[in-house]
Amino acid sequence: MLGLPRRAEAPAPPPPASLALFGGGPITGLFLDFLREGPCKASLAAGKKPLIVVITSAAQDGPGARQGWEKAFAKDEFEIAFIHTRKEADSVIAQQLIRRAAGVMLGGGDQANLVPALAGTKAQEAIFDQLGNPNFTLGATSAGTAACPIEMIENWENEESVERLRPEERRAIFAHGLGFINAITDTHLFCSRIDRTPRLTDALARHPDLTCIGLGEGSGLIIQRSHARVVGENQVEVLRSGPNGPEEHIYPPGREFPLDIRLQYA
Numbered sequence: 020m021l022g023l024p025r026r027a028e029a030p031a032p033p034p035p036a037s038l039a040l041f042g043g044g045p046i047t048g049l050f051l052d053f054l055r056e057g058p059c060k061a062s063l064a065a066g067k068k069p070l071i072v073v074i075t076s077a078a079q080d081g082p083g084a085r086q087g088w089e090k091a092f093a094k095d096e097f098e099i100a101f102i103h104t105r106k107e108a109d110s111v112i113a114q115q116l117i118r119r120a121a122g123v124m125l126g127g128g129d130q131a132n133l134v135p136a137l138a139g140t141k142a143q144e145a146i147f148d149q150l151g152n153p154n155f156t157l158g159a160t161s162a163g164t165a166a167c168p169i170e171m172i173e174n175w176e177n178e179e180s181v182e183r184l185r186p187e188e189r190r191a192i193f194a195h196g197l198g199f200i201n202a203i204t205d206t207h208l209f210c211s212r213i214d215r216t217p218r219l220t221d222a223l224a225r226h227p228d229l230t231c232i233g234l235g236e237g238s239g240l241i242i243q244r245s246h247a248r249v250v251g252e253n254q255v256e257v258l259r260s261g262p263n264g265p266e267e268h269i270y271p272p273g274r275e276f277p278l279d280i281r282l283q284y285a
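Using my numbering, the first residue of the sequence shown is number 20, and each one after it goes up by one.
The calculated lysine to aspartate or glutamate pairs, modelled on EDC-like cross-linking and capped at a C-alpha distance of 20 Å, are: (1) K90 to D80; (2) K90 to D52; (3) K67 to E98; (4) K68 to D52; (5) K68 to D95; (6) K68 to E96; (7) K67 to E96; (8) K68 to E98; (9) K67 to D52; (10) K67 to E89; (11) K106 to D80; (12) K141 to E107.
Derived by calculation from the structure, the hints in this document are not laboratory data.
Work out the full structure, taking the sequences as your base and the hints as a guide.
Okay, structure coming up:
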């Protein structure tokens with residue numbers, strides 16, 4: 020008796036883009052080192068200049084932020100382009116730049132400036148498209164990192180009085196982020212005047228299905244194919260729900276560990 024024809028298996032989806040998330044502070048060298056030794060290595064070896072698009076919308080001082088990144092890229096290994104205003108982000112030029120870029124960097128400042136400038140624009144749409152490209156890198160630091168999730172930590176509740184509250188009484192204000200990753204991120208941990216770990220604890224209590232990641236200033240987390248590596252000079256904290264309640268892990272520089280962060284690509 021002949022068996023039924025075997026159903027063809029659906030092809031596996033391509034591996035997603037790389038994530039390079041940083042906690043603020045002096046991280047430009049870390050980002051460039053990752054690009055040189057990782058996704059851009061072959062292009063650089065072939066004499067090509069990979070394009071990196073830097074989005075400075077989080078910064079109040081756009082020209083100042085641009086100048087800082089131009090100094091970081093001063094060796095002329097990379098082509099660099101900038102997006103600052105919402106008008107620029109919603110242009111066809113921005114869309115075309117991101118579609119041919121090797122990576123995008125979301126710079127620091129205030130996430131409350133970044134999200135209104137980028138959400139719903141052609142630039143955001145192009146980033147979503149590129150997140151399914153294994154040769155693409157989404158980089159972010161400080162406010163850029165905080166803005167990457169669907170649910171974004173914006174600030175403290177009662178910011179003026181938060182210092183007088185016990186850690187367990189401190190709460191975060193949440194807002195809609197850019198929606199690039201299904202995790203919650205916070206930055207400038209381990210060195211801020213006020214410990215920001217309670218914001219992650221609050222985030223996990225409100226969103227127990229999500230992984231919450233806190234990055235120290237000067238630290239970074241490189242995520243490729245569900246594998247994470249801590250770079251820089253500071254620690255990374257990961258909170259997630261476990262069978263017996265919240266689980267906290269603090270990873271020092273150089274540590275590698277599994278981390279399944281789904282990218283929301285088209």
